[in-house]
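Asker: So you can see what is in the structure, the chains are spelled out below.
There are 2 protein chains.
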Amino acid sequence: MVEYMVNKVLKYIVENRMLLPNDKVIVGVSGGADSVCLLNILLEVKKTIPITLYVVHIEHGIRGIESEKDAEFVEKMALQYKLVFRRFSYDVATEAKKNGLGTEEMGRIIRYQAFENVRKEFDCNKIAVAHNKNDNAETMLFNLFRGSGLKGLSGILPVRFNIIRPLLCIERKEIETWLAEHNIAYRTDQTNFEEDYTRNRLRLNVLPYVQKNINKQALAHIDQASRIIYETWEYLEEETDKVYSKCVLRKDENMVIRIPEFIHVSDVIKKNIIRKCLESYQKGLKDITNKHIDCILTLVNNHTGKSIHLPNTLQASRGYNEIIIGFKSKALLLEKEEILIQAPGSYLFMGYKFEFSLEQYEKNQIIPENIYTKWFDYDKIGNDLRLRTKEAGDYLVVNSCGGTKKLKSYFIDEKIEKEKRDSIPLLCDNNHIIWAVGYRISEKYKISLDTKKVLKVQVNGGKE
Amino acid sequence: MVEYMVNKVLKYIVENRMLLPNDKVIVGVSGGADSVCLLNILLEVKKTIPITLYVVHIEHGIRGIESEKDAEFVEKMALQYKLVFRRFSYDVATEAKKNGLGTEEMGRIIRYQAFENVRKEFDCNKIAVAHNKNDNAETMLFNLFRGSGLKGLSGILPVRFNIIRPLLCIERKEIETWLAEHNIAYRTDQTNFEEDYTRNRLRLNVLPYVQKNINKQALAHIDQASRIIYETWEYLEEETDKVYSKCVLRKDENMVIRIPEFIHVSDVIKKNIIRKCLESYQKGLKDITNKHIDCILTLVNNHTGKSIHLPNTLQASRGYNEIIIGFKSKALLLEKEEILIQAPGSYLFMGYKFEFSLEQYEKNQIIPENIYTKWFDYDKIGNDLRLRTKEAGDYLVVNSCGGTKKLKSYFIDEKIEKEKRDSIPLLCDNNHIIWAVGYRISEKYKISLDTKKVLKVQVNGGKE
Numbered sequence: 001m002v003e004y005m006v007n008k009v010l011k012y013i014v015e016n017r018m019l020l021p022n023d024k025v026i027v028g029v030s031g032g033a034d035s036v037c038l039l040n041i042l043l044e045v046k047k048t049i050p051i052t053l054y055v056v057h058i059e060h061g062i063r064g065i066e067s068e069k070d071a072e073f074v075e076k077m078a079l080q081y082k083l084v085f086r087r088f089s090y091d092v093a094t095e096a097k098k099n100g101l102g103t104e105e106m107g108r109i110i111r112y113q114a115f116e117n118v119r120k121e122f123d124c125n126k127i128a129v130a131h132n133k134n135d136n137a138e139t140m141l142f143n144l145f146r147g148s149g150l151k152g153l154s155g156i157l158p159v160r161f162n163i164i165r166p167l168l169c170i171e172r173k174e175i176e177t178w179l180a181e182h183n184i185a186y187r188t189d190q191t192n193f194e195e196d197y198t199r200n201r202l203r204l205n206v207l208p209y210v211q212k213n214i215n216k217q218a219l220a221h222i223d224q225a226s227r228i229i230y231e232t233w234e235y236l237e238e239e240t241d242k243v244y245s246k247c248v249l250r251k252d253e254n255m256v257i258r259i260p261e262f263i264h265v266s267d268v269i270k271k272n273i274i275r276k277c278l279e280s281y282q283k284g285l286k287d288i289t290n291k292h293i294d295c296i297l298t299l300v301n302n303h304t305g306k307s308i309h310l311p312n313t314l315q316a317s318r319g320y321n322e323i324i325i326g327f328k329s330k331a332l333l334l335e336k337e338e339i340l341i342q343a344p345g346s347y348l349f350m351g352y353k354f355e356f357s358l359e360q361y362e363k364n365q366i367i368p369e370n371i372y373t374k375w376f377d378y379d380k381i382g383n384d385l386r387l388r389t390k391e392a393g394d395y396l397v398v399n400s401c402g403g404t405k406k407l408k409s410y411f412i413d414e415k416i417e418k419e420k421r422d423s424i425p426l427l428c429d430n431n432h433i434i435w436a437v438g439y440r441i442s443e444k445y446k447i448s449l450d451t452k453k454v455l456k457v458q459v460n461g462g463k464e
Numbered sequence: 001m002v003e004y005m006v007n008k009v010l011k012y013i014v015e016n017r018m019l020l021p022n023d024k025v026i027v028g029v030s031g032g033a034d035s036v037c038l039l040n041i042l043l044e045v046k047k048t049i050p051i052t053l054y055v056v057h058i059e060h061g062i063r064g065i066e067s068e069k070d071a072e073f074v075e076k077m078a079l080q081y082k083l084v085f086r087r088f089s090y091d092v093a094t095e096a097k098k099n100g101l102g103t104e105e106m107g108r109i110i111r112y113q114a115f116e117n118v119r120k121e122f123d124c125n126k127i128a129v130a131h132n133k134n135d136n137a138e139t140m141l142f143n144l145f146r147g148s149g150l151k152g153l154s155g156i157l158p159v160r161f162n163i164i165r166p167l168l169c170i171e172r173k174e175i176e177t178w179l180a181e182h183n184i185a186y187r188t189d190q191t192n193f194e195e196d197y198t199r200n201r202l203r204l205n206v207l208p209y210v211q212k213n214i215n216k217q218a219l220a221h222i223d224q225a226s227r228i229i230y231e232t233w234e235y236l237e238e239e240t241d242k243v244y245s246k247c248v249l250r251k252d253e254n255m256v257i258r259i260p261e262f263i264h265v266s267d268v269i270k271k272n273i274i275r276k277c278l279e280s281y282q283k284g285l286k287d288i289t290n291k292h293i294d295c296i297l298t299l300v301n302n303h304t305g306k307s308i309h310l311p312n313t314l315q316a317s318r319g320y321n322e323i324i325i326g327f328k329s330k331a332l333l334l335e336k337e338e339i340l341i342q343a344p345g346s347y348l349f350m351g352y353k354f355e356f357s358l359e360q361y362e363k364n365q366i367i368p369e370n371i372y373t374k375w376f377d378y379d380k381i382g383n384d385l386r387l388r389t390k391e392a393g394d395y396l397v398v399n400s401c402g403g404t405k406k407l408k409s410y411f412i413d414e415k416i417e418k419e420k421r422d423s424i425p426l427l428c429d430n431n432h433i434i435w436a437v438g439y440r441i442s443e444k445y446k447i448s449l450d451t452k453k454v455l456k457v458q459v460n461g462g463k464e
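As given, the protein sequences belong to chains A and B, one line each in that order. Position 84 (the first sequence) corresponds to 84 in UniProt numbering; numbering is contiguous. Position 86 (the second sequence) corresponds to 86 in UniProt numbering; numbering is contiguous.
Chain A on its own, in the form it takes in the complex (with noise of 0.2 Å):
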């Protein structure tokens, strides 16, 4: 009998569309579990798909001599089925911090560059790597515990352009069991077993406990939502095509979405939409969250002339019959912007993010001094507390006993010169500055003993 691991993955590969005969296939093989299996299995495949196999290695330098030894075991594995061997060291620690990023995140960057350095060498057209189902549930969990949308939930895809993941039908259980019947040696590497990373607290802690006390088959559910979810996210992507062609058009400088033909649409393709014109435009979702999409879908619903300011200096405006995507012109960037705040919440102003929330006031908190985060008493503040700049009759709270103090004045005592004034953000109770942004705050909403609600107000994440 054809043997069952060797003939499931076969399988995938075909559901898949993995693999054609003649195919040029590197194959990433760190020296673990995993990766010893896929090139195995990999060998295997080729007596029913004839293709051909390059073996690359990546030394990670994170493990010392650990890594060295983790090199030499996978290059003798190449060597005796007589495979082509490429191996790439780097010093991933020390890229990462120069890069500023993680050392996963680094790793995995590095990892393909290598990839893509054989690939060109020997004209290969396919990369294998060895994710599987756990990897796969565990980045499913992962995103989902992070914060993510349908893509992000849909777990590892199977084929990304030239990558391919024929291990993702199998758990890593049965992986390890299928080396052990074959005596087929591998690596084992410790930092699986080293709670360093976020990851591998999910990997050895949260999905053991749930398999073990809320569901045996926990793994093979969240590995099904994920197909779902990606079966649905794929859907979702060539309906938001087919509209997003009709209705998306450049013009000038900006994106425009033209509301005859949105506006019939349902809401989940229009956001849809929405999230893809900022793509396109801005080259990435870089800072734009669900928050800014649900706002200007109620552009559709608005007055034409209504605006509403995103990150990086990017504004969507309501014309007659169309939403305006664009960066915003030195003009609007001058233009009065006002926004009435509800607490707690993040707003857009003037290029700043402003955070609002809300706490307890804790009988003798030390309130920290910062020129970027500031806490005020929230009761004292009315019902109209707005971002804008300065408008006549503004004023300021200057002393305890209750003294006010023209806002201009401020600024004329302060000398901060005029073309300055109106650049300066003010959060306001009416015509009562309640804070110049960079400034000073009225000594009115300052927490006393008698406070209670504390308004807390961080501006760009409070770093000064």
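Worth flagging that the hints you see were computed from the coordinates, not collected in a lab. Be careful, since some hints might not be right.
Partial chain B-side listing against chain A, Cβ under 10 Å, derived [unchecked claim]:
1) 231
2) 360
3) 453
Calculated cross-link-like contacts (lysine-lysine; reagent style DSS-like; alpha-carbon spacing at most 30 Å) [said to hold, decoys possible]:
4) B/212 with A/353
5) B/453 with A/173
6) A/8 with B/286
7) B/452 with A/212
8) A/11 with B/306
9) B/276 with B/353
Which chain A residues stay away from chain B? Per the calculated CB distances, all over 12 Å, these [claimed, not checked]:
10) 82
11) 90
12) 120
13) 399
The beta carbon of each residue, even a glycine, is placed where N, CA and C say it ideally should be.
For chain A, the structure is supplied; the task is to place chain B on it using the hints.
Answerer: Just chain B now, kept in the frame of chain A:
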């Protein structure tokens, strides 16, 4: 300033169209933090939206004297606010046993029955219950772990029929803080602190660990994911309904999916249509898995006449231009069936569920005697493992020396009536009968000292 929590709930109520002026609202109050908070916030909401509140308490009888105290506590609170109060007492544990349900499930059913009684008594039109954001995240995770489609991953809905959940926008921590701030007393339900229920393990162990070690905002992220999935599920439902009404019809006793109208839609929608078809035909999706749906989908590309056997004597067949779903006719039940088996996997054959799994044989492992679970030496089985009924030429090995006997002779010896012989499922390796289900297995495939891999076959969960 209007109070923050009340404001937030009010906004959520308006956004989700939960309450209208003059609504008569039943409030389920257990006496715990969540429901006490709900009642008190609804009393505040009443100042903005004029509604009438009716307090209902269900005494579950699982906490003994504490249950009695809970009821008295809630009655006193209702009296204090001059609200109608109704109390129901049930012995949930006994009812659960009687109905073969879990206590949590039974509790839920009883709760909604009590609400229904009060609804009729006072002609109420809404029922408010106290689920919060944590409950939603817990439900989503719980469903993810135990296996679920998009609907289950959507978590708890803010509005379902006449049931509203105004606190779904609030975290448990906020509820507790708010109650403390307002000096509102509540009862502590000890059962929540015990690890009696699987869900409590999620609540008390998994989520706190994840929040502490993986992502502080995990709760909000899971909540957000469930909302995105809900939106998507809703969209899929709409799209499915549009196509469903065009391609599905009832014909005689069967459901018919017309292929010309069905063929062009996306697979995701096709699967949803098939699912809906089965759901409406057998009033629910009892025993139907994703695998069955996938199988029916393959019929679309198959020849006329081919059919698939489903649980509960359901069947799907390919007609010339249609897929026909219906209960098997008696004639169909007697028709020759045959399934090629690939282990591991589950197959439905003649109304039985066969589960095939592979195990490593450990020396000296004891093989239990069980009429509906059998273990075979996997490596002795050829390439043609099938489930079918009797054929000419069938035989068994009946002793350890390899002596064979014709299946027909075996049936005669065992005094199995002629009419019955065609209804016995046979597991075969060509003409060699591995197992005549319910009768005997062939000596050839028995586990021996040389066995390496075991094929385990279980019929209907192995229950005798």
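Asker: Are the hints correct? Go through all of them and say.
Answerer: Each hint, compared with the structure:
no.: 1; hint: 231; verdict: holds (5 Å)
no.: 2; hint: 360; verdict: holds (6 Å)
no.: 3; hint: 453; verdict: holds (8 Å)
no.: 4; hint: B/212 with A/353; verdict: holds (26 Å)
no.: 5; hint: B/453 with A/173; verdict: holds (16 Å)
no.: 6; hint: A/8 with B/286; verdict: holds (29 Å)
no.: 7; hint: B/452 with A/212; verdict: holds (27 Å)
no.: 8; hint: A/11 with B/306; verdict: holds (23 Å)
no.: 9; hint: B/276 with B/353; verdict: holds (22 Å)
no.: 10; hint: 82; verdict: holds (29 Å)
no.: 11; hint: 90; verdict: holds (28 Å)
no.: 12; hint: 120; verdict: holds (37 Å)
no.: 13; hint: 399; verdict: holds (25 Å)
In the structure shown, no violation is registered for any of the earlier numbered hints.
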